[in-house]
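Student: So you can see what is in the structure, the chains are spelled out below.
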Amino acid sequence: MPYRQNRQMVAMLLAGGQGSRLGVLTNKVAKPAVPFGGKYRIIDFPLSNCVNSGIDTVGVLTQYQPLELNAYIGSGQPWDLDRQNGGVFILPPYVKGKSGEWYKGTANAIFQNINFIDLYEPEYVLILSGDHIYKMNYQLMLKEHIAKQADCTIAVLQVPWEEASRFGVMSVDNDFKIQEFEEKPENPRSNLASMGVYIFSWAKLKEYLQKDELNPESQNDFGKDLIPSMLSKNEKMYAYEFKGYWKDVGTIESLWDANMDLLLANAPIELDDPPWRIYSRNANMPPQYIGTNAILVNASISDGCNIDGTIENSILFPGVKVESGAVVSNSVLFSGAVVKQNAVVEHAILAEDCIINERAHIGQAKRTEAAEGPKKISVVGQDTVVEAAAVVYAGESVEGIITKEVRE
Amino acid sequence: MNALGIIFSYSERENLRELTKRRTLASLPIAGKYRVIDFHLSNFVNDGIYDVSVIAKNNYHSLTDHLGAGKEWDLIRKRGGLRILTPFARHDSEKPGIYRGSIEALAYNMHSIRRSMAEYVVLTGSSILCNVDYKDLIETHIRTNADVTTVFTKQKGALGGIPQGVAIMNFDENNRLTNIGLETEENNTGDVNWGLDIFVVRKSLLESLVADAMSYGRFDFNEDIIKRLISNLTFQGYEYNGYLLEVNTVAGYIQASMSFLDPYVRAKVFQRPIYTKNKDSVPTRYYDGCYVNHSIISDGCRIEGTVENSILSRGVRVAKNAIVKNSVIMQNTEIMRDVTLDHVILDKDVIVREYRSLSGHATYPVIVEKGSIV
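Chains as they are written, first to last, in the numbering used here: chain A, 63 to 470; chain B, 30 to 403.
In case anyone wonders, no lab produced these hints; they're calculated from the structure. Every residue gets a Cβ at the ideal spot worked out from N, C-alpha and C, and that includes glycine. Careful, some of the hints might be misleading.
[Claimed, not checked] Pair by pair, the computed Cβ-Cβ distance ranges are:
#1 H90(B) to S161(A): 54 to 60 Å
#2 D317(B) to E224(A): 31 to 37 Å
#3 N350(B) to L326(A): 34 to 40 Å
#4 D220(B) to E420(A): 42 to 48 Å
#5 Q281(A) to D103(B): 23 to 29 Å
#6 N236(A) to E383(B): 51 to 57 Å
#7 D317(B) to Q403(A): 24 to 30 Å
#8 E398(B) to Q201(A): 39 to 45 Å
#9 D103(B) to S82(A): 34 to 40 Å
[To be verified] Taking lysine to any residue pairs in the SDA-like style, the calculated list, with each CA pair at most 25 Å apart, reads:
#10 K306(B) to Q211(A)
#11 K383(A) to L262(B)
#12 K100(B) to P336(A)
Working from the sequences, and respecting the hints, build out all of it.
Tutor: Structure below.
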């Protein structure tokens, strides 16, 4: 037997979701692998939070389109998770004896990996999801969990009342003990929303996972089944209030919004934070070159970019090329996107390696429209070629080869 | 590749003023985010040479700090990998680390070189950046049955002449070396073959050549091995025609740095990946009112002022109304409001306070030493 050190807490990161609301952006990758913020992917945030919180054993549960995610995580070295003991482990569903099945739900995914968690004999298990942008010290949450001798602690944050029905919300008493939990209620009685970050005492969680598995009615989901069932049995469940920036980036609009947040004058989340760095796999490209015709107005630009056009309020990932006369405004351009001469890209997300040819127009057809009302974000899928002078209208998602004007 | 790469991290004939006061030539920052040695290591790795030794002489702290265990260059290997050969005190020498020539440097590190399982050795200096195809070089060396193959070029150096102090070589019609001399003239623009300080030799032969020269107290590779043995051994020439950047002098360094603004040079140099230490810096932020024109900018910068015709390393801050022109700005420097810099090299961690103005000339840039506050 190799030497294995027991862990106080093991993190399990649920990364199997398809993220269908991200449309063409998740055709080829799982949601946690979706790029964010100029050089990161969504999963860099929970992984970096783990490492910065001193958690060095992380299981990543994958299921949907795992290839890119697996390759991205690799040995875990970029996050310092290549360890002799512990480290990062990719945990796909696997065949067990004569049976073997897909992860049926979030709780079932953990149930199927009980043996993995047991290897480290942890006292606590941290459950995370791969679709949020935030910087959080899980160690502080664990402290609270231990101090309150809780069976389960759920991280919550106050959301505007009108948005509360989009989340799992909980009513708490003065001591933050959870009285009631409602998953996406129509008439929420609280505005404390679950962040999808849970700490369980492992013995208790294991007991409930096994019970939940035997219940044929259950959808094997934390929010829908396991947590309500623990509440009904009066287990000690507490909310832990997080006061910081947290954003669900499960939709095109929220992904775009969260990117734009980084460009605000007083950005609500600061990534240039050496004590709490967000780590990511390095693209290994030469520095960016800014050409003689470039105009840069509030932009975030990464290595390998070659910029000769106008960039306003936009985030450019590594290796983006914007030629002279082209205008990119209020947009997010993933790695390797090319915007050719005199093309215009507004209020858009361009996925990896897409090519916007000369004079093509992506997004709000008239820039004046952008000034009022909610913006409709246009999305150009991975490897898409938008031919010269073609138009992609506001709010449209396109893929493949776009040759002519597309009407709504 | 069945070869050991050896990089001399220093140069015997460099004049980089303050830039190498506290560092060795190989760890000199260049092209924004890189150090000189990144180009040499990446060339080896890109050609499949994963057994690399770096010979350090003095001021190598920044070099070891940069290289670490060699992770970024994929040089943490069970077979081969990166070794940094630092000087050490020996019972028979008075001044550790003061090698009297490349032969002595090799001799003092022979215990390590001997241990490598590679059959051939490729030796290179640090001061010339190029991308010799090592696979083809070694194949040519084997095919021609040469004892030593030396890489030469007919191209003029970046400053338009033959760099002072290099070896001038004559070859016969079969590219066999017939004569070798030292370039002593300044700005020789004649039509000659000059050596790039890159050699291939069978490791066992190198071991005996070095041992032999040492026993006679001879220390210079060109003078004491090649010149002396030119009629006894076959020294073959291998011509190189790719890009060349020299970083031996301040003028050469500025020229080499600025050449990265040329898309043709960038395309050539970055045709294959050049690896460097990863700093996990954030993307660069450009704020309202900034103006950037014809410049190389690395990650982690914050730019509010004007940057023209300049090279910026990682984590440089340029505040409002500051103007940076024709300059090379190294890592983590801070240029405060209303500063004007023209033809300046700011070394790492420099702070230039408000309203200061520094101006040099293309042929003699102002160099501000590491960590200074202006």
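Student: If a hint holds in the structure, say so; if it does not, say that too.
Tutor: Hints versus structure:
For the pair H90(B) and S161(A), the beta carbons lie near 59 Å from each other, so the given range of 54 to 60 Å is met. The supplied range of 31 to 37 Å is met by D317(B) and E224(A), whose beta-carbon atoms lie about 32 Å from each other. Judged by the Cβ atoms, the range 34 to 40 Å given for N350(B) and L326(A) is violated: they are separated by roughly 23 Å. The hinted window of 42 to 48 Å between D220(B) and E420(A) holds, with their beta carbons roughly 46 Å apart.
Separation of Q281(A) from D103(B) is about 45 Å and departs from the stated range, judged on CB atoms against 23 to 29 Å. Taken as a hint, the range 51 to 57 Å holds for the pair N236(A) and E383(B), whose Cβ atoms sit roughly 52 Å apart. As the Cβ distance of D317(B) to Q403(A) is approximately 25 Å, the hint placing it in 24 to 30 Å holds. For E398(B) and Q201(A), the hinted distance range of 39 to 45 Å is satisfied, since their beta carbons lie about 42 Å from each other.
At about 38 Å, the beta-carbon gap between D103(B) and S82(A) stays in the expected band of 34 to 40 Å. Annotation: proposed proximity of K306(B) to Q211(A) is violated, straight-line Cα distance about 44 Å (limit 25 Å). The straight-line distance between the Cα atoms of K383(A) and L262(B) is roughly 52 Å, outside the 25 Å bound, and the hint therefore fails. Distance check on the hinted pair: K100(B) and P336(A) sit about 21 Å apart at the alpha-carbon level, within 25 Å; holds.
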